[in-house]
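2 protein chains.
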Amino acid sequence: MTKGSGCYYDRQEIRDPADREKSLFHALPGLLHHAIENTEYFARLLENIDPDTITSREALASLPVTRKNDLIQAQRGKPPLGGLTATAMSRLAHIYWSPGSLYDPEGTRNDYWRFARALFSAGVRQGDLVHNTFSYHMTPAGMMIDAAARSLGCPVFPAGTGQTDRQIEVIRDLRPKVFVGTPSFLLILFDRARELGVEIRSFEKALVSGEAFPAQTRDRLKYEHGIDAYQCYGTADAGLIAYESEAREGMVIDESLILEIAHPGTGTTVEPGEVGEIIVTLFNPDYPLIRYATGDLTRILPGESSCGRTNTRIAGWMGRTDQRTKVRGMFVDPEQIGRFSAEQQAIVRSRLVVTRKNGQDDILLRCEISPDFTDTRTKLLDSLRAEAQSALGLRCDIELVEAGGLPNDGKIVDDRRAVS
Amino acid sequence: MTKGSGCYYDRQEIRDPADREKSLFHALPGLLHHAIENTEYFARLLENIDPDTITSREALASLPVTRKNDLIQAQRGKPPLGGLTATAMSRLAHIYWSPGSLYDPEGTRNDYWRFARALFSAGVRQGDLVHNTFSYHMTPAGMMIDAAARSLGCPVFPAGTGQTDRQIEVIRDLRPKVFVGTPSFLLILFDRARELGVEIRSFEKALVSGEAFPAQTRDRLKYEHGIDAYQCYGTADAGLIAYESEAREGMVIDESLILEIAHPGTGTTVEPGEVGEIIVTLFNPDYPLIRYATGDLTRILPGESSCGRTNTRIAGWMGRTDQRTKVRGMFVDPEQIGRFSAEQQAIVRSRLVVTRKNGQDDILLRCEISPDFTDTRTKLLDSLRAEAQSALGLRCDIELVEAGGLPNDGKIVDDRRAVS
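Those protein sequences? They're chains A and B, same order as listed.
1 is the number of the first residue of the first sequence in the numbering used here; add one for each residue after it.
1 is the number of the first residue of the second sequence in the numbering used here; add one for each residue after it.
One should not assume that every hint holds.
Pairs count within a copy or across copies, as identical chains cannot be separated in the list.
[Claimed, not checked] In silico BS3-like pairs for lysine-lysine, Cα to Cα no more than 27 Å straight-line:
#1 K78 / K177
#2 K222 / K326
#3 K411 / K78
#4 K357 / K411
Hints were generated in silico from the structure; no laboratory data involved.
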């Protein structure tokens, strides 16, 4: 695609970056006024702020951050929605539940969570049938994609999670062009279809999210299955934050928010290119979030994308602020473990346990093994030990765990040094 | 409520019945033209019909019926949608899967499945938070209610199926006014909340469906929990077919269809009041269904509802045409078994197995027992044997089955005489 060829979701994506910056910071005081006047939470948090003076990145960086735990505490203090929404509960479209028992409001706007931009960038076009494997129950994930696809004029098959064999039957029959879900579930569908002797060949495009998406998985999808898969990054509170384009150079930031990268825990801006926590300020009239600290790590990429989109790019998800850890002087990011697990066919998931033994850091990589591989444990142990050392740059012991043996709680680095 | 007090979803509900009949049969030739001109299936099925002559119940009854199996065969013959839809797949909103591998199309109209009328009749009003426990995955059930609630201006919590303990936490926190789901799941929520010591008291209204709803369950919800629960009847192909009103006299037929009651298997109209199969003709421009035989049994109630709604009423679901059976000269309907199971606290679900032994019909009622009751098996066997005999009017043996021991496939009467 040539720059300016028109293959963009809207013209906002190709604005002069200076115009975008000006436009966002021109709108920011209005957002702050709205949040202060219509939500109890921000009225209190920003009571000594003059919104009209917050018109630059420096000024924004002086405001306090809000973390997921602050939202949870606000909701516990003033149930059910914590005085966080500018729209009455009775005028919302949906309310969802997130882990930690946070309730996420959804307003009635078309494509409320803004994932249409990410689907479009992944090549999804009007009339494409979308096979959506995110859950619609409790969590907003399923509906985020559902509403976005329908706003593009795409019909959706709401597959949800699980029921793998039935999903394969449905894919064979309906021949959807588009897969949406986690990359690992897409690979599970292909592996299981092969076991069943069913050919599923209709997918041409995929939007994936919810876990690391290493280049090796991307290539396997492209060369084994003919699928162009793009990733995006978002949260249950904020919706879409950034999305990949065909340039494959990091992820482009969405147009409806201001993104900062801050030193975890402090909220102060990092140097350009330095890894830090993603903080977003969201232009959402129903649920304005001012300096919402996501707990996710990334860094800003320099320059502009070759796809022609002019917004700043981030490197993609680089782990959680609360799981990144230092072992024997080396940083270990959950992303590294995630990529290692994804690259090893034998591994379903793994978890790094960090302890202190004889005054030294000790690490054990617990690997949940796919049932297909249980017959080659000794050989597997040796090969995984070598691979892990090369992937992490650290010598570590491997423990093989039966399928289902690791808790599926999203924890990848289990740092027990503080308590042991 | 007084007749004509205005508590109706729309004025169609209180039309002069003669006007409704005239209006439906005035529109019928147009529906037939549309179906013949825009769907391959009805073009073939009705090729020798002159639509302009089909302007009465007698004329309609002369047309061939279409069964679920016909839809399945049409879809297998011409995948994926069988030449049944007048709207191209690329212009639909959703496609769903139903047991038997039937794919149900959903168009983009607001409240496509027409359940808003049933929610309104159950007392649901703008701004009420709806806790929706139907599944959104694969099946249209969840979205049928979701879209209907939002069209009334009600926010929805998409709970889906399962995760009972988490649902109780959510209900405690969000205090929804409205429950939607099966009556048995609502009772499970209350029983489990009591075990957990959590008070859930916010529900005031419920719309229930998907299984029998005996008066005893209705009363328990009303007097123990203060909930006015109303039932409705619909299918994954047709959407809403009939709904209960506060008159509690059967179910009022929806305004967008013509309903006939026919002798199962023949399609010929039964005498007024006689039990037969529900056949619907649906004014749905995306998916016109002409004389769709549902396989569900009911009968027409005489007269008009005291609530002021003037449409014909049906008695509610009386079982499946393919499961109703005759044992020792007596009809046994799945509904009888369902009601018996619902009335016995010890029973989760049960299934009647009918065989031939020594030239005689032999029946065994297999009862899946709630874990709470396993310690009193002998006493339980005696009491269930007596209760079953009184409920079915037939002597039968009882077999107690552990929780989860019966297949959850909707089969209630398992007639093995043909094969044994």
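Quick rundown of the hints versus the structure:
1. K78 / K177: This pair counts as between: shortest inter-copy Cα distance 19 Å, intra-copy 45 Å.
2. K222 / K326: neither (35 Å within a copy, 59 Å between copies)
3. K411 / K78: Neither. Shortest intra-copy (29 Å) and inter-copy (47 Å) distances fail the 27 Å Cα cut-off.
4. K357 / K411: within (22 Å within a copy, 59 Å between copies)
Hint violations for this structure: numbers 2, 3, all remaining hints satisfied.
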